[in-house]
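K.L.:
Read off the chains here:
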Amino acid sequence: VNDIRSSPKKLPRDFHAKAELHKTQRVVSVCQMYFLDYYCDMFDYVISRRQRTKKVLEYLSQQGDLKSPDQLNGEWTGYLEKEHEILRKRRLKPKNKDFE
Amino acid sequence: MSFLQNFHLSPGQTIRSTRGFRWNTDSNKDVDSTRSSPKRSRDDRSGLVGTQPNAQNLDTQLWVTPTRSGNTLPELQQRQTQREANVVTDFNYTPSHQKQFLQPTAGTAVSSHQDLKQIVEITLGSEGVLNQAVKLPRGEDENEWMAVHCVDFYNQINMLYGTITEFCSPQSCPRMIATNEYEYLWSFHKGESPVAVSAPKYVECLMKWCQEQFDDESIFPAKTSGQFPQKFIQRFVIPMLRRLFRVYAHIYCHHFNEVLELNLQTVLNTSFRHFCLFSQEFELLKPSDFGPLLELVMELRDR
Ligand SMILES: [Zn+2]
Chain A
3 VNDIRSSPKK
13 LPRDFHAKAE
23 LHKTQRVVSV
33 CQMYFLDYYC
43 DMFDYVISRR
53 QRTKKVLEYL
63 SQQGDLKSPD
73 QLNGEWTGYL
83 EKEHEILRKR
93 RLKPKNKDFE
Chain B
343 MSFLQNFHLS
353 PGQTIRSTRG
363 FRWNTDSNKD
373 VDSTRSSPKR
383 SRDDRSGLVG
393 TQPNAQNLDT
403 QLWVTPTRSG
413 NTLPELQQRQ
423 TQREANVVTD
433 FNYTPSHQKQ
443 FLQPTAGTAV
453 SSHQDLKQIV
463 EITLGSEGVL
473 NQAVKLPRGE
483 DENEWMAVHC
493 VDFYNQINML
503 YGTITEFCSP
513 QSCPRMIATN
523 EYEYLWSFHK
533 GESPVAVSAP
543 KYVECLMKWC
553 QEQFDDESIF
563 PAKTSGQFPQ
573 KFIQRFVIPM
583 LRRLFRVYAH
593 IYCHHFNEVL
603 ELNLQTVLNT
613 SFRHFCLFSQ
623 EFELLKPSDF
633 GPLLELVMEL
643 RDR
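Chains as they are written, first to last, in the working numbering: chain A, 3 to 102; chain B, 343 to 645.
Simulated from the structure, these hints should not be mistaken for lab results. The C-beta atom is built at its ideal place from N, Cα and C for all residues, glycine as well. Accuracy of the hints is not assured; some may be wrong.
[What the hints assert, rightly or not] List of simulated lysine-lysine pairs, BS3-like, C-alpha gap at most 25 Å:
| # | chain 1 | residue 1 | chain 2 | residue 2 |
| --- | --- | --- | --- | --- |
| 1 | A | LYS25 | B | LYS543 |
| 2 | A | LYS84 | B | LYS477 |
| 3 | A | LYS56 | B | LYS477 |
| 4 | B | LYS565 | A | LYS84 |
| 5 | B | LYS550 | A | LYS25 |
| 6 | B | LYS543 | A | LYS20 |
| 7 | A | LYS95 | B | LYS477 |
| 8 | B | LYS573 | A | LYS91 |
| 9 | B | LYS550 | A | LYS91 |
| 10 | B | LYS532 | B | LYS550 |
| 11 | B | LYS573 | A | LYS84 |
| 12 | B | LYS565 | B | LYS550 |
| 13 | B | LYS550 | B | LYS573 |
| 14 | A | LYS56 | A | LYS91 |
[As the list claims (entries may be wrong)] Short, incomplete list of chain B residues facing chain A, as computed with Cβ under 8 Å:
| # | residue |
| --- | --- |
| 15 | PRO479 |
| 16 | GLU482 |
| 17 | LEU502 |
| 18 | THR566 |
Looking at chain B on its own, in the form it has when it is part of the complex:
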């Protein structure tokens, strides 16, 4: 079952995007064309001449689901019964509860820099625009695009979690869980089995771990000449995104009411939706990685 099948699409099925974000409404073409297939060529750098860029009209762009067959969603992976009966979990994530705060907004057409600030304000919580923004710019190195986004999502999650640190303590969240069914453990030493830690401890370890990788020139090169390591995406990007996702999961499942009261639901939803669209565009995460939020992912995707 492919990732998109979870969004009620069959492999090979083609849908027309009705929420198209038009970057350039005047000429109705965009050289920085978006791909309609998950198979992407990497020869942009070498061959420009001979293959004229096809001016694609994003408005009529078809969106084809991947035909690749993936894994089946494991039945409730990492399922855990709550071992400590005295720990009462505040299960405040229910899709019906959150639905009204997902705020669907009509698609937006942006053709210039003008009014960007205003558009961004509308767009935070809107849709369509982000779908286009996650696409790999024509000719760009995929690794660099991944690296930039890793840093961006790390910063976003740091910001979001920072707003609820007062409410996410070892007392309120003695374990790093997302609903009663998922608990994320932290491995302090290579080779040793991972252990249960409190949510704030987990986030602290995670952020430190990310930061160490960002600072490592052999993983995230800073020099112009610096190269990314072999299999950078599989070895570094995917593991990092899988772990960063868990902070979203914890916030949605256990602090969504606080987020609502602080009026941060729009930024949380925008950030998470951006994260999902990016992961989906490059097929980085599997449905099982979205475990506790799979329903929400579908909700954000479908509307």
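Chain A with its partners taken away, still in its complex shape:
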């Protein structure tokens, strides 16, 4: 067990003492929560965005006979600008980065 070259299960000698520290337990649970929250939020965003895009495209195709291509392109571009702004805000939202 002491030969680290032959043991793939090797842990540092003081691993368990450190792992049991309140500090370690806390960062581990914060990390798990962070990922769960991140992926929930990310999938939620991706799915919502796809649904919004779908609705806009459906709407625009219904308007096809009533409006000029320029109008339709304008509305599509306007929609994309709004989406772009939402995405940028996601990047800038305050990050709970420093837990230590």
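Given the coordinates of chain A, assemble chain B with the ligand onto it according to the supplied hints.
P.N.:
Only chain B with the ligand this time, still in chain A's reference frame:
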């Protein structure tokens, strides 16, 4: 040799995705279509009318490998012999050792927001879903999509490394290495040659360097009107991802046992797989950038 050839696919070869993640099972179409070719048009913004969006059925979507010829994988780049014989490296990364913890799970179909939390729990460690999520949303600016992901991966790596800071010290890891064959050096001043630093020092410098770029309005614009700089991807995104990758490499190669004991292997694998899929989708990293983890990258990709 293209990136995908490392995953045992020939250029131009077409494979059918059998792990398709269906975003909308009812209508079986998705306007936010995914591209099947690495060549992507950027005219979504200007031309909607005239080119009706083709409703693509993701289920039958074909996945075509790029035909572009890239670089050959340099033989063990940055190969270094361990200069200090007294530093014994804990080489705890072996693919066979990690294989059992990669946890393949069946594909998941998501058609609504319901049960998302549950699905995410299953999905962490699953596959298929992330492949779809990395795709550029229809009409979105590629630079913004890159920027969001840079910040996301930075945060993820910060979190992951934060859990092992107790175990990654200048004593345990006097050099920023990944296996015995790769050592990453840090350049403190422009023009000066990079120097060897401890792993925690390297990560500290790296995170600070990333943060400085995020805070720079001329690189990562915060204002609605702010523009990305010229060649943003080549000049800023790729260098950042190449360096962030090294933290994954160090964790996998030297702290995987601690990660296992802390029961964080699923989040680590999910995060790394997400990182790889994103890099691959936009052809950001070369096989040589994955050096010490190339085998693991293949394992995560192939299953
Ligand atoms: Zn370390």
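K.L.:
Next step is simple, just say for each hint if it's right about the structure.
P.N.:
Tested hints:
Under the criterion of a C-alpha separation no larger than 25 Å, the hint pairing A/LYS25 with B/LYS543 is consistent with the structure, at around 21 Å. Restraint check for A/LYS84 and B/LYS477: satisfied, since their Cα atoms lie roughly 19 Å apart, inside the 25 Å limit. Distance check on the hinted pair: A/LYS56 and B/LYS477 sit about 16 Å apart at the alpha-carbon level, within 25 Å; holds. A C-alpha spacing of about 14 Å is found between B/LYS565 and A/LYS84, which places the hinted pair at or below 25 Å, so the restraint holds.
Annotation: proposed proximity of B/LYS550 to A/LYS25 holds, straight-line Cα distance about 23 Å (limit 25 Å). Taking the CA atoms of B/LYS543 and A/LYS20, the gap is about 20 Å. The hint holds against a cut of 25 Å. Using a Cα cut-off of 25 Å, the hinted pair A/LYS95 and B/LYS477 holds, with the two alpha carbons roughly 22 Å apart. The hinted pair formed by B/LYS573 and A/LYS91 meets the criterion: a straight-line CA distance of about 22 Å does not exceed 25 Å.
Distance hint between B/LYS550 and A/LYS91 is fulfilled; the C-alpha atoms sit about 22 Å from each other, no more than 25 Å. About 16 Å separates the Cα atoms of B/LYS532 and B/LYS550, which keeps this hinted pair within 25 Å; it holds. With a C-alpha separation of about 24 Å, the suggested pair B/LYS573 and A/LYS84 falls inside the 25 Å cut-off, and the hint holds. A distance of roughly 22 Å separates the Cα atoms of B/LYS565 and B/LYS550; the hinted pair therefore holds under the 25 Å criterion.
For the hint pairing B/LYS550 with B/LYS573, the CA-to-CA distance comes to about 22 Å; that is within 25 Å, so the pair holds. A hinted pair counts as satisfied when its Cα atoms are at most 25 Å apart, and A/LYS56 with A/LYS91 qualifies at roughly 22 Å. Interface restraint check for B/PRO479: the shortest CB-CB distance to chain A comes to about 6 Å, inside 8 Å, so the restraint holds. Annotation: interface hint on B/GLU482 holds; nearest CB of chain A at approximately 7 Å, less than 8 Å.
Nearest Cβ of chain A to the Cβ of B/LEU502: about 7 Å, under the 8 Å cut. The hint holds. This hint holds: B/THR566 has a C-beta 6 Å from the nearest C-beta of chain A, less than the 8 Å allowed.
Every hint, counting from the list given before, is met by this structure.
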